[in-house]
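Visitor: Protein sequences appear in the order of chains R and A. For the first sequence, our numbering begins at 1 and goes up steadily by one. For the second sequence, our numbering begins at 1 and goes up steadily by one.
Heads up, some of the hints might be wrong.
Reference listing, derived: stretches of chain R covered by chain A, where coverage requires no fewer than 3 residues with Cβ under 8 Å from a Cβ of chain A [said to hold, decoys possible]:
id: 1; region: 31-45
id: 2; region: 93-101
For the chain A half of the interface with chain R, some residues (derived, Cβ under 8 Å), not all of them [what the hints assert, rightly or not]:
id: 3; residue: 232
id: 4; residue: 322
id: 5; residue: 323
id: 6; residue: 324
id: 7; residue: 325
id: 8; residue: 326
id: 9; residue: 328
id: 10; residue: 329
id: 11; residue: 335
id: 12; residue: 338
id: 13; residue: 343
As a list, the in silico SDA-like pairs of lysine to any residue whose alpha-carbon atoms are at most 25 Å apart [unchecked claim]:
id: 14; chain 1: A; residue 1: 267; chain 2: A; residue 2: 225
id: 15; chain 1: R; residue 1: 56; chain 2: R; residue 2: 21
id: 16; chain 1: A; residue 1: 314; chain 2: A; residue 2: 121
id: 17; chain 1: R; residue 1: 56; chain 2: R; residue 2: 111
id: 18; chain 1: A; residue 1: 314; chain 2: R; residue 2: 56
id: 19; chain 1: R; residue 1: 56; chain 2: A; residue 2: 160
id: 20; chain 1: A; residue 1: 107; chain 2: A; residue 2: 123
id: 21; chain 1: A; residue 1: 107; chain 2: A; residue 2: 64
id: 22; chain 1: A; residue 1: 314; chain 2: R; residue 2: 111
id: 23; chain 1: R; residue 1: 56; chain 2: A; residue 2: 31
id: 24; chain 1: A; residue 1: 314; chain 2: A; residue 2: 231
id: 25; chain 1: A; residue 1: 267; chain 2: R; residue 2: 13
id: 26; chain 1: A; residue 1: 314; chain 2: R; residue 2: 9
id: 27; chain 1: A; residue 1: 314; chain 2: A; residue 2: 290
id: 28; chain 1: A; residue 1: 7; chain 2: A; residue 2: 25
id: 29; chain 1: A; residue 1: 314; chain 2: R; residue 2: 108
id: 30; chain 1: A; residue 1: 267; chain 2: A; residue 2: 328
id: 31; chain 1: A; residue 1: 267; chain 2: A; residue 2: 309
id: 32; chain 1: A; residue 1: 314; chain 2: A; residue 2: 281
id: 33; chain 1: A; residue 1: 104; chain 2: A; residue 2: 122
id: 34; chain 1: A; residue 1: 7; chain 2: A; residue 2: 35
id: 35; chain 1: R; residue 1: 56; chain 2: A; residue 2: 325
id: 36; chain 1: A; residue 1: 7; chain 2: A; residue 2: 49
id: 37; chain 1: A; residue 1: 104; chain 2: A; residue 2: 121
No lab work stands behind these hints, which were simulated from the structure alone. C-beta: ideal position from N, C-alpha, C; glycine also.
Chain residues, written in single-letter form:
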Amino acid sequence: MNKVLLGLLLGAVLGAIDGGTAWFTPAVRSMMVGIVVGSTIKGLIAGVAAGVFARKVNSVPLGILFGLAVGFVLAFIVAYMQHGYYLEIILPGSIVGMIVGYATQRHGAGPATTSVAR
Amino acid sequence: MKFLSDKAVERLREGAEIPDLTGTRYHLLERVARGGMGVVYAAEDERLQRRVALKVLDVPGADGDLANRLIREALVLARLEHPGIVPVHDVGTLNDGRVFYTMKFVKGQRLDQYIETVSSVTERLRLFLRICDAVAFAHAHGVLHRDLKPANIMVGSFGEVLVLDWGLAKLLQEDAGRQSQIADPDATILEKPSKAGDSNGVVQTIATGHGTVMGTPGYMSPEQARGDVEHLDARSDIFSLGALLRFLLAKNSDSTANAVGKQHLDKALEAICSKAAAPGPEDRYPSVSELALDVSRYLDGLAVAAHRESVFEKLARFYRRYRFFILLIAAYLVMRVLILFFLHR
């Protein structure tokens with residue numbers, strides 16, 4: 001499995017779980033479907049970005065940092081649009097980004113190297 | 001009456017065995033090993049200025065059965081150009097009438113010695129796959145090795161794996177023009193060829209005998225042990241590979257192939273070994289590639305064809321395969337619960 005696909009799948013799974021935890025906040029329970037879908041897409045985007053980054057940069061700390069940054073930015077945008085719940089959205093979103101950044105650095109196949117005979 | 005000690009006799013014998021390389025391009029360096037048919041020496045190829053391994057027959061005469069066998073071994077090696085098979089450079093007859101051939105000099109260790117330095121099962125299986133690769137190549141070219149055992153496999157100093165000693169090799173396919181030039185080791189020479197060792201130094205097969213037993217107990221297939229040479233096929237080598245796999249997976253490499261089977265192995269690996277070394281050829285893997293594929297599947301954490309898994313075994317394998325991600329998601333869930341707990345306190 002390549003790094004981008006790995007990031008996409010892991011980001012989607014963690015994003016879905018992340019969105020699912022909104023159930024524990026009674027005030028937003030009525031918007032569960034929208035939150036889960038949005039969170040999944042957010043995780044998916046963060047995963048793909050982390051996967052692409054991992055293909056280009058081979059460094060676990062930088063991968064985690066990149067994942068954290070992407071997760072933070074995406075979660076901030078969502079929270080900004082929600083006009084609230086900043087901590088509830090940004091904190092787990094950033095952690096999802098960090099985890100996906102770490103996983104894509106440690107696992108998944110990098111780009112294939114081709115040797116050219118001259 | 002004074003007797004010579006065994007050591008003195010051995011020295012005298014070694015001295016008498018030293019081949020006379022005058023008139024050849026080789027310069028003898030040292031004795032490396034002794035095989036069933038002859039002795040292997042390290043020699044210097046003076047023309048190409050490189051070290052080669054020189055295998056020379058014990059007995060003089062280029063028209064004997066052993067000479068045919070050695071020449072045949074060289075011819076078999078010459079047609080098998082593969083990184084896992086030692087390349088032959090030259091074949092000929094010495095001044096003293098002994099037949100010899102030279103091949104690449106491999107620096108390394110025999111598998112039974114090398115394996116003591118490899119503790120990881122994964123590494124041992126990867127090594128086994130490289131052996132399978134060379135044997136599968138030989139089978140694809142119609143050659144059966146028939147004497148696969150740890151002592152006939154060399155691991156070079158760069159980790160390269162070489163299958164050696166093709167003296168018992170058997171040709172499976174008729175390859176017009178070449179097959180007829182390579183005498184079968186099971187051949188019973190009913191009638192001497194008009195000129196043994198013609199321009200190519202080879203002898204024609206006249207008839208194939210039946211009932212000859214050659215090989216190594218423990219690694220030799222039952223049909224080979226019965227001397228049923230006419231019905232030998234790739235599955236005979238697969239039996240040997242199964243015994244070899246058991247040996248590789250043993251914790252103690254001093255164990256014999258049979259004793260190793262009694263040690264505890266992972267069920268899937270045990271099933272692979274049992275299927276490869278099944279007493280009946282029809283119960284074994286049909287080809288070396290199939291055996292190698294099953295070992296590769298095991299290495300990749302996939303189900304193997306030789307073993308039907310229970311639900312628990314499937315779950316355990318799934319966990320082993322995706323342990324990293326399962327633990328990662330579990331860690332995330334724990335973290336998420338903690339965040340929820342602190343945010344809603």
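Visitor: Now tell me, hint by hint, if it's right for this structure.
Guide: Hint-by-hint comparison with the structure:
no.	hint	result
1	31-45	violated (count 0)
2	93-101	holds (count 3)
3	232	violated, 41 Å
4	322	violated, 10 Å
5	323	violated, 11 Å
6	324	holds, 6 Å
7	325	holds, 7 Å
8	326	violated, 11 Å
9	328	holds, 6 Å
10	329	holds, 7 Å
11	335	holds, 6 Å
12	338	violated, 11 Å
13	343	holds, 6 Å
14	A/267 - A/225	violated, 28 Å
15	R/56 - R/21	violated, 33 Å
16	A/314 - A/121	holds, 20 Å
17	R/56 - R/111	holds, 9 Å
18	A/314 - R/56	violated, 35 Å
19	R/56 - A/160	violated, 32 Å
20	A/107 - A/123	holds, 20 Å
21	A/107 - A/64	violated, 31 Å
22	A/314 - R/111	violated, 31 Å
23	R/56 - A/31	violated, 53 Å
24	A/314 - A/231	violated, 39 Å
25	A/267 - R/13	violated, 33 Å
26	A/314 - R/9	holds, 22 Å
27	A/314 - A/290	holds, 21 Å
28	A/7 - A/25	violated, 32 Å
29	A/314 - R/108	holds, 23 Å
30	A/267 - A/328	violated, 28 Å
31	A/267 - A/309	holds, 9 Å
32	A/314 - A/281	violated, 29 Å
33	A/104 - A/122	violated, 29 Å
34	A/7 - A/35	holds, 19 Å
35	R/56 - A/325	holds, 22 Å
36	A/7 - A/49	violated, 34 Å
37	A/104 - A/121	violated, 30 Å
Comparing the model with each earlier hint shows violations of hints 1, 3, 4, 5, 8, 12, 14, 15, 18, 19, 21, 22, 23, 24, 25, 28, 30, 32, 33, 36 and 37; every other hint is respected.
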